[in-house]
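Participant: Given next are the chains, with one letter for each unit.
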Amino acid sequence: MGELIDLVLLAMLAITAIRIIFLKDLFAVVMLFGIYSFLSALIFINLDAVDVAFTEASVGAGISTVLMLGTLALTNRKEKESSHSSILPLLVVCITGAALIYGTLDMPPFGHPNNPVHEHVAPRYIEESPKEVGLPNMVTSVLASYRGFDTLGETVVVFAAVIGVLSLLGVRRQEENDTPESGFRAHHVLQVVARVVIPLIILFALYVQFHGDFGPGGGFQAGVIAAAAFILYSLVFGLSSAFAVVGPKFLQLLASIGVLLYASVGLFSIYKGGQFLDYNKLAADPIVGQHYGIIIIELGVGITVFAVMLSIFYAFGSQAERSNIR
Amino acid sequence: MFEQHLIALPILLPLIAAPITLILGHSRLSWMFATAISALACYFSWHLLTATLTESVLSYAVGGWSPPWGIELRVDVANAFVLLAVSALSTLVLIYSKDSIEKEIESSKHALYYTAHLLCLAGLSGILLTGDAFNLFVFLEISSLATYTLVSLASDRRCLTAAFRYLIMGTIGATFILIGVGMLYMKTGTLNMLDLAIRIDVYESSRTINTGLAFIMVGVSIKLALFPLHMWLPAAYTHAPSAVTAFLASTATKVAFYVMIRFIFTIFGLNYVFEEMGMDLILMVLAIVAIFKCSYMATVQSNVKTVLAYSSVAQIGYMILGISLVSVTGLMAGLIHIFNHALMKGALFMAVGAVFYRVGSVEISAFKGLGKQMPFTMAAFTIAGLSIIGVPLTVGFISKWYLVTAALEQQHWILAALVLVGSLLAVVYMGRVIEAAYFQKPPASQDSNQVKEAPWLMLLPMWILVLANIYFGIDTSLTTEAASSASEWLFQTSSIAAANSAEVSQ
Amino acid sequence: MNFILDYYNYWIVVFLMMAGFYIVISANNLVKKIVGLNVFQTSVFMLYISMGKVSGGTAPILVDGVTLYSNPLPHVLILTAIVVGVATTSVGLALIVRIKRAYGTVEENEFKNQDDAI
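So the protein lines, in turn, are chains X, W and U. Just so you know, we're using our numbering here: the first sequence kicks off at 4 and counts up by one. Just so you know, we're using our numbering here: the second sequence kicks off at 3 and counts up by one. Just so you know, we're using our numbering here: the third sequence kicks off at 619 and counts up by one.
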């Protein structure tokens, strides 16, 4: 049954991908990409990767699609006819595809429990991590503790992205744009619903942030969901109102603070006599130390991701308002 | 208290400094802070090099979890040597940046420039010091994103398209590396480099591992700008701000070259890559084409930065030629050229940046008569140019010497001759610029009479590099000792992996 | 038949990867290139997650009474990779907005012609 669902989803993905290749209407292409992302999130769930599905849905289908639509609002909606032939790309793709298929012939069969990936490194994560780290969610244990350095790197990648977007676009000041038409002020239903929904979204974000130890969730997903709440606010009430609530400069500060918070946990471990990011040293009882460490670094991740996603939205959004695109 | 954490410091310092630099926000303050951090990182990497020259391998388990369950930082002479080059160049470029970016980047973005530079340094240091294949991918992306940002900071609009093309090609390269690492992981179940080396030996003749090798090699070649995947480089180097080009040309591709060496020698093992998969022949052919095609392309450009960009791709060809010879001397030639080329190209791009600062253009025609008007800058350019050609008493000669020796050791007479012909082409492309500077009259307009020498803050790092060119060309003890012991160690451990696996599979 | 059951997952994912890769290298419009890049990367993620699946296992969250779990390590790797992917996408899209402002177009053949004319 699982295989049947898998097959159907993969087939839908393949159709979506082919459609994207041939469509010229970029708005439809971006929408199809959103669909592609959601379908892959479903496939991830089917393959038992619930944390990944959550992240793909919020980050891939959520943020990426929003940014692409924002870019489309500032550029063209239709792709023009291409002048160069597609023989060379087709050739390159066929050769690469053939190499990959050749590579799959020797791969361990799909789903078998004795595959090499399930030996050697993984068993410790599955069997020992509830005792060594003390969390039911093994993905969080590996992400935040065993491979915490990778996650620090990931947070810095997010920070690097905001540096890139800020240096390219900046966030333009919003003095002239307090017209009644900005946002959706005229749409009263949206305003009422937004006022109810936004606090719930923020609450949900906090839930995801702190519940990541016990179920799917964690800093990344929480940061994105919290940013989504504020993005909704700025869409309905206007960018200048959003700037008044959470200003761009403040967000830059938050983004830096998140990374520094994460790194300072590691430095504190060194101060206590351990290696960088050794949470066992953070408290007298190693398990308690692990819990402290994980909660604080996830908070750092959540703060940075929230600040970065919202900053990037502000950067794109303020370009649109300046060129009077509604 | 610091000694046991020495390995982590070159990564942690710029990593933590970057957000602080963003908060500082002020141009002058960010410059001083960034330069201080980079100098500190350079100091620590020097200690790391001396430590590895005595102790061979240093290891650091991040998070207190022993590898392969945790991430390991692993240093031997090879990566300590490259790290020294990277952090030293970073510090010198930062000193140079203060004046250089005044004319090339808008002042509101200066703090962002320094933040991005620190992020790039952190990323490159992470790539060099990590012992985990996926961690390498993460730091590769940190440095790549920072690089795309740095390239796009210039005022010329062509930097935007150059940065975009670099982004697309770079991300394809990184994704290929990700696919390759995934295939290795699928077959071995581990991500730690040493662990992979032991386990791959057991599964050697697997098609999946072959494909993994192919994808990793292609992905790294894109980052390395190995012909024919070098298309992103000329535009990116030409249109990026001068300080950025000086930094990237001396560091980014060299770090990718290190990654290739690490994968070939430590993870996959010599026998597998060269004898079974025949990579040495492929690399040799590509290297030779790179050297000739790109040296030729350098001779017909009118923009001096583009000349130097094509020259860089040709120099990478020399490095690849070194490893394709599969000998200790060949690898040593490649490693020593990492260091030497950083010195040469760093100085050259700094000199060109100084010309842009004063004259506003870097076409060859803009160099006319600068020999008299900017004597120090052009002297620096000339000496570094002689180094590229390979004149004795410069580091360029040392690199070419070892390369030719390695070729002759294996009776590749033709290869040795080709290397020398490549030097002749270098004479042509460097000579055109030097001729314009010294033997032609400056254009007879009013502005040209006011061209002065470059500010001392730009001349200082430039001349430190030029003097280093000469110093290390005469007293080669440090560089040859480091490069040869790195080379020997890499060859040695390539067979140890095989010996270890014999124990594992029994 | 068994062989196909064991490998169909990988083959379809390879097809998706190649579709994304084709879009990246052949699209003329820069936004479509970024979409293609994302499709390519998402398909690579599916490859990684496929290798972590254990038939009959469940999500790697400790639950009473369950002994067979899927492998958590690929999940961690892909979580990181997804975030890296969106970071690259956002920088790429910011570049596109600037290119549009500077050149007036985001079709590759059009701004290439503008540059050559300089």
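Worth double-checking, as some hints may not be accurate.
[Unchecked claim] If you want the footprint, here are the derived chain W segments under chain U, 3+ residues with CB under 8 angstroms:
id : segment
1  : 15-26
2  : 136-145
3  : 166-180
[Said to hold, decoys possible] Quick list of the computed label-pair ranges, beta carbon to beta carbon:
id : chain 1 : residue 1 : chain 2 : residue 2 : range
4  : W       : S61       : X       : K252      : 19 to 29 angstroms
5  : U       : I622      : X       : L94       : 24 to 34 angstroms
6  : X       : E122      : U       : L623      : 14 to 24 angstroms
7  : X       : E122      : U       : D682      : 22 to 32 angstroms
8  : W       : Y45       : X       : P112      : 46 to 56 angstroms
9  : W       : S207      : X       : E122      : 14 to 24 angstroms
10 : X       : L91       : W       : L283      : 54 to 64 angstroms
11 : X       : C97       : W       : L480      : 44 to 54 angstroms
12 : W       : V291      : U       : A720      : 27 to 37 angstroms
13 : X       : F213      : U       : G683      : 21 to 31 angstroms
14 : X       : F213      : U       : L623      : 35 to 45 angstroms
15 : X       : R80       : W       : D158      : 47 to 57 angstroms
16 : W       : L462      : X       : Y295      : 40 to 50 angstroms
17 : W       : S207      : U       : I622      : 20 to 30 angstroms
Keep in mind the hints are simulated off the structure, nothing from the lab. Ideal placement from N, C-alpha and C gives every residue a C-beta, glycine not left out.
Participant: All the hints need checking, so say for each whether the structure fits it.
Facilitator: Structure-based check of each hint:
Chain U is given as covering the segment 15-26 of chain W, and this is violated because 0 residues of the stretch bring a CB closer than 8 angstroms to a CB of that chain, at least three being needed. Proximity of the segment 136-145 of chain W to chain U, defined as three or more residues with a beta carbon under 8 angstroms from a beta carbon of that chain, is established by the 4 residues found. For the segment 166-180 of chain W, the stated coverage by chain U is satisfied: 7 residues place a CB nearer than 8 angstroms to a CB of that chain, which reaches the threshold of 3. For W/S61 and X/K252, the Cβ-Cβ distance of about 42 angstroms falls outside the hinted range of 19 to 29 angstroms, so the restraint is violated.
About 28 angstroms separates the C-beta atoms of U/I622 and X/L94, a value consistent with the hinted range of 24 to 34 angstroms. At roughly 22 angstroms, the beta carbons of X/E122 and U/L623 sit within the given window of 14 to 24 angstroms. Our hint of 22 to 32 angstroms for X/E122 and U/D682 holds, since their Cβ atoms are close to 25 angstroms apart. The supplied range of 46 to 56 angstroms is met by W/Y45 and X/P112, whose beta-carbon atoms lie about 52 angstroms from each other.
For W/S207 paired with X/E122, a C-beta distance near 20 angstroms keeps the hint of 14 to 24 angstroms intact. The given range of 54 to 64 angstroms is broken by X/L91 and W/L283, whose C-beta atoms sit roughly 25 angstroms from each other. Taking 44 to 54 angstroms as the suggested C-beta distance range, the pair X/C97 and W/L480 conforms, at roughly 49 angstroms. Here the CB-CB span from W/V291 to U/A720 is close to 35 angstroms, well matched to the stated 27 to 37 angstroms.
Taking 21 to 31 angstroms as the suggested C-beta distance range, the pair X/F213 and U/G683 conforms, at roughly 26 angstroms. Distance hint for X/F213 and U/L623: a CB-CB separation of about 41 angstroms, consistent with the stated range 35 to 45 angstroms. X/R80 and W/D158 have their C-beta atoms about 29 angstroms apart, which leaves the hinted 47 to 57 angstroms range violated. The hint said 40 to 50 angstroms for the Cβ distance between W/L462 and X/Y295, and at roughly 47 angstroms that hint holds.
Range check, W/S207 to U/I622: about 24 angstroms between beta-carbon atoms, so the 20 to 30 angstroms window is met.
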